[in-house]
Amino acid sequence: MSSTAAQRPNGLALFILPSALLFALFFFLPIGLMATMSVLTGNPVVMPKVAFTTRHYARMIDDPFYLEVIWTTIRIGLVTTLVALAIGYPLAHWMARIKSRTGHALLLMAVLAPMLTGIVVRTFAWMTLLSDKGVVNQTLMSLGLIAQPLKLMYTETGIVVGLVHIYVPFMVLTLTGVIGRIDERLEQAAENLGASPLRAFIEVTLPLSLPGILAGSLLVFALAISAYVTPILLGGFQIMTLPILIYQQISANFNVGFAAAIGIVLLVISLLLVIAYNRALGLVSGQRELQ
Amino acid sequence: MMKALGSSRFSRRRFLTASASLGIGTIAAPYVARADDPTLRITGWGGKWGEIMKAEIGPAFESEFKCKLQIDSAFPYLPKLQASSRSAPIYDVMHTNSNEQWAAAEMGLVEPKIDPKLVPNLADVYPYAISDKIVGVSIFTSAIGLGMRTDKGYGSITSWKELWDAKYNGVRGGYVIPVNSLGQAFLMMCGTLFGKGQLDLDAAYTALEKLKPIKIVDFTGAMEKMLLSGEVGLCVIHDSGIYRYDGQNQPTDFVSPSEGVLSLEQVLTITPGSKMKELANAYVNYMLRPEVQKRLAETVWYSPANKKVKLDAKYDAKLLTTPEKVSKLIQVDWKWYNERKDEIDQRVNRIFRA
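Going line by line, the protein sequences match chains A and B.
Note that the working numbering has the first sequence beginning at 1, numbered continuously upward.
Note that the working numbering has the second sequence beginning at 1, numbered continuously upward.
These aren't lab readings, by the way, just hints derived from the structure by calculation.
Careful, some of the hints might be misleading.
As the list claims (entries may be wrong) - Label pairs and their in silico Cβ distance ranges:
id, chain 1, residue 1, chain 2, residue 2, range
1, A, 30, B, 328, 33 to 43 Å
2, B, 333, A, 43, 20 to 30 Å
3, A, 100, B, 351, 55 to 65 Å
4, B, 328, A, 25, 53 to 63 Å
5, B, 312, A, 267, 54 to 64 Å
6, B, 152, A, 82, 36 to 46 Å
7, B, 199, A, 24, 42 to 52 Å
8, B, 229, A, 105, 55 to 65 Å
9, A, 282, B, 351, 56 to 66 Å
10, A, 201, B, 152, 52 to 62 Å
11, B, 333, A, 62, 54 to 64 Å
Ideal Cβ positions, reconstructed from N, Cα and C, are used throughout, including at glycine.
One chain only, chain B, in its complex shape (with noise of 0.2 Å):
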C-alpha cells in the first residue's frame, strides 16, 4: 500500500509543493520579469509633485528608457545618503534644494556639476540654474517673497520691511531656520534689508529679533495650512505656496517684494558612485526637456529653468518665464551659509525661543 501511494503519479507531497510553487511563481513573476529592467533611484517630493510624478513622468521615463525608476519622498533625503556605502549610495539622482546640495557636495555624496555632453539641454537653461551659486542644476525654481491674506485690510504691500510692522504681532509668519531652506535664504535677506548685504548677519539676528512675536513652521506646507486658517496674515513664502490654490477663490495673494525675491531651487545632482551614470544623466536631461518641464510647471506652479518652455497665458503671466523676471531672483551663497550653519543655528534657536 505504502509502495502503491509512493509510486502514485498525484500525491499530497506533490500537490502541496505544485501549489506553492505557483503562488509564490505568480507573486514573485512581475518581479522577475523586470528583473533585467535596471533600476535608477531617485528622491523626489510628495504632494503634487510626487503625484504627477508617479502618474505620468515617472513611466513614460521608465518606458522610454526601459527601466525602472525608485523614488524616496521621505524626506530628509541627505542623511540617508550620508548613512549609505560611497561605492553603493542609496540613491543615483537626488532632487533637493540648493543649501542641501551644497552640504551633500562639500561632503563629496554629489557630483559639483554635470556634464553638459551628457545632459544636452543644459545649454537651454537660465544662466542662474547652472551658475556658482549652484550645485548640480537647478530645474526649476519658486520665487520666495509674502505670501498675505486679502481680506484683513492690511492694504497694499510692496517691501519685504512691512514684515516688522507692528500691526502684524500675533499674525506674522516664518520659518524654523536651522531646517528650512526658506527661512535660511531669509535670514540672508535681512542681512540685505537692514544691513551691509546678504552676508551681514550682525544685522540679519537684530532684525530677527525684532521681528518677534512670530509664527514658526518647520514646513512650507504648514505655512500654507497657516495662512487659509487665517492663523497668520503675512508671512515669508514661495510664489508656488500661494498659486497651487489658484480657482479656489482663497483669500491670499503672493506679493513680490520691491527689494527681489529669493531663489529657492529644485536642484538635480548625481551620486559619484552610481552605477547608473549613463541613465542618470538621461534622467536630468528628461527632466529639463521642455514638455516635461511645461507639465511640471503647470501642475506645481514652479518656474521652469528650460528657456524654451511656454507655458499657457495663466501661468506665464505669474511664474518667472522671462529673462526680465528671472533676473529679479537673488540667490543665496549656500556654500558660505553652511560653513557657518552651526554658529546661524545656535544664534537663531535663542532669539526664537520662547
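Next comes chain A alone, as it looks inside the complex (with noise of 0.2 Å):
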C-alpha cells in the first residue's frame, strides 16, 4: 500500500511545475548562456566561426585595474550591508515589538513610504541634497561653516548613503518578521535570572535574530553589488563598480564575451561571499552551518 502510494505522482507536485519552468527559463538558462559566452570569442548564433577561449578571464587577472574595481564593489557592498543593518535592526526591534497598532503601521508606513518611489527619483533626490550647488553645501556655505563645497558627491560614500537609503525598508522587513517571532517571554526568563536587559539582549534575541541578520544582509549585499543607477548617478562615474564595466563593454565596446566574464566574476564573489557568511553566522550562532 504504501509503495503504491510512494509511486504514485503527487497532484500537488504539477502546481511547482510552471514556477519551475519558470525558474529554469530565466534563471538558469541565462547565467547557462552567460557562462557560455564568457568562455567563446564571439556569439555562436550570429557568427559562423567562435572558438574556446580563456583570454576574458586572463584580461581580469593580468590587469590589476579590474581587481581593483572587483574590490571596491565588494567593499561598497559590504559597507552598505553593515550601515543598513546598524539602521535597520533597531528600527525592525521596535517595529516587532510595539504594542500600538496604530503605531506598528504608521512605523510600517514609513519604512514603505521611500519604496513607492523609484530608484532613480530618490537618487536624483540624493543628488540635488548631495551636489556641490546642493542643499547641504549651500547651507553650510550661507551659514559661513565652509567656504568652499564639501566633497559629498562623486565618492564612495555618498554612493554608500544613496544604497542604504534605497535599501534600508529590505533590512528593516525581513529582521521585523524574525524578531516578531521571538518569544518574548524568553527574554524576560533570562532578565528574572539577573541579566540586564542589554544582556539579555545580547545573549538572548540577538542569537535567536541571527538567520533575519543573514537573510537580510544577504539581500541588501546582493543588491547593493549589482546596483547600477546609484553608483553611476552619485559616483559621478568616477567610482567604478563591476556593473557600470558590464554596461561599458556591452554599450560601448560591443565586447559580450568580456562583459560576460565580469558578470560571471560578479556571480562567483556574491555565491562564495554567501557561503562565508552563512558558515561565520552559523559558528556564532553555535551552529555548525546554517541550513
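Using the hints, put the two chains back together into the complex; each one sits in its own frame.
Pasting the structure below:
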C-alpha cells in the first residue's frame, strides 16, 4: 500500500511545474548562456566561427585595474550592508515589539513610503542634497561654516548614503518578521535570572535573530553589489564598479564575451561571500552551518 | 427542450462567440489593415528629435512611401543589432554617431557606403558627410566646442586650452570617455593641442590627467543640465546643446575655439541583411531632402549636410551652413580610435577614477 502511494505522482507537485519552468527559463538558462559566452570568442548564433578561449578571464587577472574594481564593488556592498544593518536592526526591533497597532502601522508606512518612489527619483533627490550646489553645501556655505563646497558626491561615501537609503527597508522588513517571532518570555526569563536588559538582548534576542540578520544582509549585499543607477549618478562615473563595467563593455565596447566574464565573476563573488557569511554566522550562533 | 435550445438561432454560445470575434476584430482591425504595408525599422534619438520625427517627418515619409516606420529610440542600438541575426537584422537603417557606425561597419553589421545612384541627394552633401572618415552618410553635424556660463565673469574664452585654467577647478565638465562620442573626440583633440596630433595618445593622457578635478557625465543632456544649473561653468559640449535653449534667457553660450571645432556627425547606414533595401535607400534620400533637413535643423539646431538647404537667418548665423564654416570642422579617425578603444578605455578609466 505504502509503495503504491510512493509511486503515485503527487498531484500537488504539478503546481510547482510552471514556476520551476519559469525559474529554469529565466534564471538557469541566462546564467548558462552567460557562462558559455564568457569562454567563447564571439556569439555563435550570429557568427560562423567561434572558438573556446580563456582570454576574457586572463584579461581580468592580468590587469590590476579590474581587481581594484572588484574590490571597490565588494567594499561598497559590505559597507552598505553594515550601515543598513546598524540602522535597520533597532528600527525592526521597535516595529516588532511595539504594542500599539497604530504605532506599528505608522512605522510600517514610514519604512515602506520611500519604496513607493523609483530608485532613479530617490537618487536624484540625493543629488540635489549632496551636489556642490545642493542643499547641504549651500546651507553650510550660507551659514559661513565652509568656504568651499564639501565633496559629498562623486565619492564612495555618497554612493553608500544613497544605497543605504534605498535598501534599508529590505533589511527592516526581513528583520521585523524574524524578531517578531522570538518569544518575549525568553528575554523576560533571562532578566528574571538576573541578566540586565542589554545582556538579555545580547545573549537571547540577538542570537535568535541571526537568521533574519543573515537573510537581510544577503539581500542588501546582493542588491548593493549589483546596483547600477545609484553608483553611476552619485559616483559621477568616477567610482567604477562591476555593473558599470559590464554596461560599458556591452554598450560601448560591444564586447559581450568580456561582459559575460565580468558577470560570472560577480556571481561567483556573491556565492562565495554568501557561503562564507553563512558559515560565519552559523559558527557565531552555535550551529555548524545555517540551513 | 434541449433540442429546441440547440436549434435556436441565437444561443448563448453563439452570442459569446460573436462578441469575442467582434472584440478581437475591433482591436486587430488597424493592424490587419496595415499588415500589407512594408515596415522600415530604424533607430533615432528621443527628445526634440524624437518629437518631430513622430509628429511630422515620420508620418510624411509613411504617407509618401506607403509604409510603416518603426523607430527604436532606446539607446544603445549597436548591441541590439549585434545580437540580432545577420540575415534578419533588427534594423534596416541605423542612425547613430560616427564612432559606433565605424564599429558596426568593422563587424559587418552595416554597409560601409551608400550607393549614390540609389540616393540621388548624396550629390548635394558637403564633402565631410561622405568623406573617408565616414561610414554611410552624415545627414547632420554638430560642432563640439566649449559651453560656458556667461554670468560668472569668466571673460572671453577663445581656446580649448583655457579649459585647463585652474580657475575652473570644481566647475569644469567633461564626459565618460569610454561611452561618449564627445569625450572620445575631445581626447583626440587633446593630442592635437598638447602633442604631435590627434594620434598622440600619450600627450592626450597627460593632458587629461591635468584636467582634474573635473565633473564627468555620460550624456550631453546631463551636461546641459549641469551647465544650466551652474554645477559646471565651462565644459565640452556641442553647439546644439547650447543653442536649443535659444530664447529662454539662459546665461550660457557656445564657444568655437580658435583651434577648430570637432565634428559630431549624425550618420545613417543600411544593414546588409535588410529585406527593405529599396525603402531604406529611399529613407536616406528623404532625410537628405532640403525641406526635411531645414525642418529638422531648425528644430534641433543641427547643421544640415545638404549644401542646398537655406536656413532662416537666426539659424544660418550660428550653424555650419557654408563651405567656409564647414571647413573648420575637425573629423576624427574613428577606425583608428576603435582599433585602440580597449586600451584607451582602460587608461582613461584609471585617470578619472576618484
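Lying within 55 to 65 Å: is that true of the beta-carbon distance residue 229 (chain B) to residue 105 (chain A)? violated, 39 Å
CB-CB spacing for residue 25 (chain A) and residue 328 (chain B) relative to the 53 to 63 Å hint: The hinted range 53 to 63 Å holds for residue 328 (chain B) and residue 25 (chain A), with Cβ atoms some 55 Å apart.
At the C-beta level, are residue 201 (chain A) and residue 152 (chain B) separated by a distance inside 52 to 62 Å? Hint holds: Cβ distance 56 Å, inside 52 to 62 Å.
So the hint says 20 to 30 Å: do the beta-carbon atoms of residue 333 (chain B) and residue 43 (chain A) match that? holds, 28 Å
Taking 33 to 43 Å as the hint, is the beta-carbon distance of residue 30 (chain A) and residue 328 (chain B) inside that range? About 49 Å separates the Cβ atoms of residue 30 (chain A) and residue 328 (chain B), which means 33 to 43 Å is violated.
55 to 65 Å was suggested as the range; check whether the CB atoms of residue 100 (chain A) and residue 351 (chain B) agree with it. holds, 56 Å
That 54 to 64 Å hint for residue 333 (chain B) and residue 62 (chain A) (C-beta), does it hold up? Taking Cβ atoms as reference, residue 333 (chain B) and residue 62 (chain A) lie about 28 Å apart, which means the hint is violated.
When you take the CB atoms of residue 312 (chain B) and residue 267 (chain A), is the distance between them in 54 to 64 Å? holds, 56 Å
Given the range 42 to 52 Å, decide if the beta-carbon distance of residue 199 (chain B) to residue 24 (chain A) lies inside it. Taking Cβ atoms as reference, residue 199 (chain B) and residue 24 (chain A) lie about 51 Å apart, which means the hint holds.
56 to 66 Å was suggested as the range; check whether the CB atoms of residue 282 (chain A) and residue 351 (chain B) agree with it. violated, 44 Å
Go ahead and decide if the range 36 to 46 Å is satisfied by the Cβ distance of residue 152 (chain B) to residue 82 (chain A). holds, 42 Å
Hint compliance for this structure: hints 1, 8, 9, 11 are not met, and every other hint is.
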